[in-house]
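Construct the complete structure from the given sequences, taking the supplied hints into account.
Protein sequences appear in the order of chains A and B.
Position 246, counted from 1, in the first sequence is what the UniProt record's numbering calls 246; the numbers after and before it change by one each time, with no gaps.
Position 29, counted from 1, in the second sequence is what the UniProt record's numbering calls 29; the numbers after and before it change by one each time, with no gaps.
A couple of the hints might just be wrong.
Identical chains blur together in the list; that is why a pair holds if it fits in one copy or across any two.
Distance condition first, Cα-Cα at most 16 Å in a straight line; then the derived EDC-like pairs of lysine to aspartate or glutamate [said to hold, decoys possible]:
1. LYS115 to GLU80
2. LYS61 to GLU72
3. LYS204 to ASP136
4. LYS303 to GLU338
5. LYS223 to GLU206
6. LYS223 to GLU365
7. LYS204 to ASP181
Simulated from the structure, these hints should not be mistaken for lab results.
2 protein chains.
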Amino acid sequence: MPVYSISHVENVRVCVVMVGLPARGKSLIAQKIVRYLSWLSIKSKCFNVGSYRRKLVSCDKTTAEFFDPRNENGLKYREEALNSALKDMMNWFTEDNGVVGILDATNSTRARRDKILKLCRENYIEPMFLESWCDDKDLVLQNIADVKTTSTDYVNKDEEYATKDFLQRIKNYEEIYETMDRETDSDLTFIKLVNVNSQVILNKIESYLESRIVYYVMNLHIKPRCIWLSRHGESEFNLTGQIGGDANLSERGWRYAKKLPELVLKSFGEENKHTNLTVWTSTLQRTQQTASFLPYKKKLQWKALDELDAGECDGMTYEEIEQKFPEDFKARDDNKYEYRYRGGESYRDIVIRLEPIIMELERQENILIITHQAVLRCLYAYFMNVPQEESPWMSIPLHTLIKIEPGAYQTLVSRIKADIPAVSTYKEKGTSQLGELATGSTIKSRDLIKDSECVRNSMQQ
Amino acid sequence: MPVYSISHVENVRVCVVMVGLPARGKSLIAQKIVRYLSWLSIKSKCFNVGSYRRKLVSCDKTTAEFFDPRNENGLKYREEALNSALKDMMNWFTEDNGVVGILDATNSTRARRDKILKLCRENYIEPMFLESWCDDKDLVLQNIADVKTTSTDYVNKDEEYATKDFLQRIKNYEEIYETMDRETDSDLTFIKLVNVNSQVILNKIESYLESRIVYYVMNLHIKPRCIWLSRHGESEFNLTGQIGGDANLSERGWRYAKKLPELVLKSFGEENKHTNLTVWTSTLQRTQQTASFLPYKKKLQWKALDELDAGECDGMTYEEIEQKFPEDFKARDDNKYEYRYRGGESYRDIVIRLEPIIMELERQENILIITHQAVLRCLYAYFMNVPQEESPWMSIPLHTLIKIEPGAYQTLVSRIKADIPAVSTYKEKGTSQLGELATGSTIKSRDLIKDSECVRNSMQQ
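Below, the structure written as structure tokens:
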């Protein structure tokens, strides 16, 4: 039985063609769009022309003069890289049923954009140009600093050399760059972002998918900030192995609540100890009790952060569910992401109701979210690009604070354990016993987060 | 216990300052924004300077020359009208805790806009300019046709005279009109819509509220279309008086399903009998069974259209709820919009989950929605601007098709009854008995929709 979310209303395929000089944040925007759409189950992929070029020519040979518009050898390789990327993208649309492909390159000239436009139209794919235009020097310099330390083009290169060479490369592009223009390009579908999004020009945005991408991009900011995630403290239902409900914290759960302010402080580091943050909880008692000792003034309750609704199984143990609905129990194991409890929800349903929360999180700065196992898995999957088939099986133990630091090319995750014992609520795939009692520091095999690990997500240039 | 939806994250007050020549759809956009935000419980009000002017000067005296920029008498009255509107708006912000006020006027010159800007800033209100700019002659002529037949300025006037005078009035405004401009107005927060929304320019859109308004306006279209609403046919749970669940249709419910295609055809009128439409249902069986005989190819199921979740009361009768949870039963009667079933939902929760559906409905053309009593009440409340305290008490009988035709200044509602008996599921406020059996044509006292009535909603210039 197919159930539709907004994304399925149309039968449209979109090619997002990035446009912009180097160091304008194009790759970051492209990767974020892919991550957001994939999380919403819209099949998306980024095709970075630079990576294709690096397969053709070694980075040692692509110093600034390679990008000189008069360098015929450079032009040849760059054209070849573009063609390979376009070919792969068109195959992906056809053979893998791709929905949103992103062509990540400078696409600096109208001639080049016309070529892409023509190819898209021949293949019945809607081209949408997304230009990042920037004349704010500080923003550009900040981007250059990011690129020179993280770009694959300058691995093992001296920083001073990298900056100088990169600036020269930008100059080469500037010579021929043609910005998108409301008059000249009035027939095209495009978004032009001026200095991140202090000004946005939209032209002929028509399909729903395009308007979703526009709205998402409009809400991005680039201020550094952190997101903290925690499950509520151990609840009385956790002790009895019951799911759902609106139970109070257990005695150990209250101990976690009392310790949480200290864990948050510890996560700041000394220099940021006065950082302010906003606390978001669900409407259920156990999350609010967990937040009750936090000294921050702004605490908001969100219905959208409530735990997965188990419908008829609400208040039952896994054992009882297995006895009463053996087929459902198995169906859930077979496809946990899609399985919807009788009269309740699936992981997919949670993602749909979390979408406005994600949009708001993109807008906000420091936020601490206290929520529930399934919801936290979905939020974590968004930030860390965890595939759908894995996310419902991630182990997110009780009494552990997770700190996420989104960066331009990598996202750092650290985990601060409270060292207060709690039951494990983790049910491994294919098993039929209840979660056994364990001390708080137990880490399961499917645990995807390692302590204080620097997790580089898929945001690579 | 305050529960937050997205709209409550910020503590921002916004004054939307409309900008545009006459007949550019400003009032329509302004009214739609007010309706949308009010439905989301964001306190909003439109202040139309024209109405203030009409209180000062009779319409007989405001022929085109009154609007000549050299007419000092005209200028005096128009300035006075603006000042009164601004005064009332500022009072409304302060005394009535207004959140989004819309100043609906041409606001044609920078001098005038600067005056409004200054006043907003003095009162800590964020000014957001919304210009509707239009050089598509057909669009303008269509708007003029609407205005001359509906504007209060030309009541009882000859159509030809009205058109001529109105065109001259527009000319007078054109003489001094200064459009919003990315360079000159780069410090202001503004949206500029070019020819409805074929091009949109956004400048310094910063707060969440502003971005919501932008996204809503971006999704509006002006093609004529209809929305049909129907509850599912009578279900087996309706017969036993149980709420919630996922029951099948009763025998009479199936009769309604079989008759529905004929009712839809009847609603088209002969000239439109081949109109195509898309059918949306919930994920519950009774709505899909009701849709099963409709000949339209495109049928989508939406989880967001599922009935209000009654939580612990799911499957119970009102009598059983009253016996088991007498306090809840009373609390629901006292504030039905806010009351949330134990482990279930409130009307407010439904509105939050329906918001993406409304956005999608604004984008689409002809849609027939088969859903449930509470959800249909919320959808109807959006289209007809029904206040929160009334919407949960509206009577929407079974076996009745509702057709809504949104227009520029009025929305037409007609109701087509199937003449197939069904139980009444309506429980009047303050009563404690079960809904009695009734024939399908019974109309209750709180019934807000009259048959084939032309309902003029609050969209008045």
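Here is what the structure says about each hint:
1. LYS115 to GLU80: within (13 Å within a copy, 57 Å between copies)
2. LYS61 to GLU72: within (14 Å within a copy, 73 Å between copies)
3. LYS204 to ASP136: The answer is between: 15 Å across copies meets 16 Å, while 27 Å in one copy does not.
4. LYS303 to GLU338: between (21 Å within a copy, 13 Å between copies)
5. LYS223 to GLU206: between (30 Å within a copy, 14 Å between copies)
6. LYS223 to GLU365: Classified as within; 8 Å inside a copy, 40 Å across copies.
7. LYS204 to ASP181: This pair counts as within: shortest intra-copy Cα distance 13 Å, inter-copy 19 Å.
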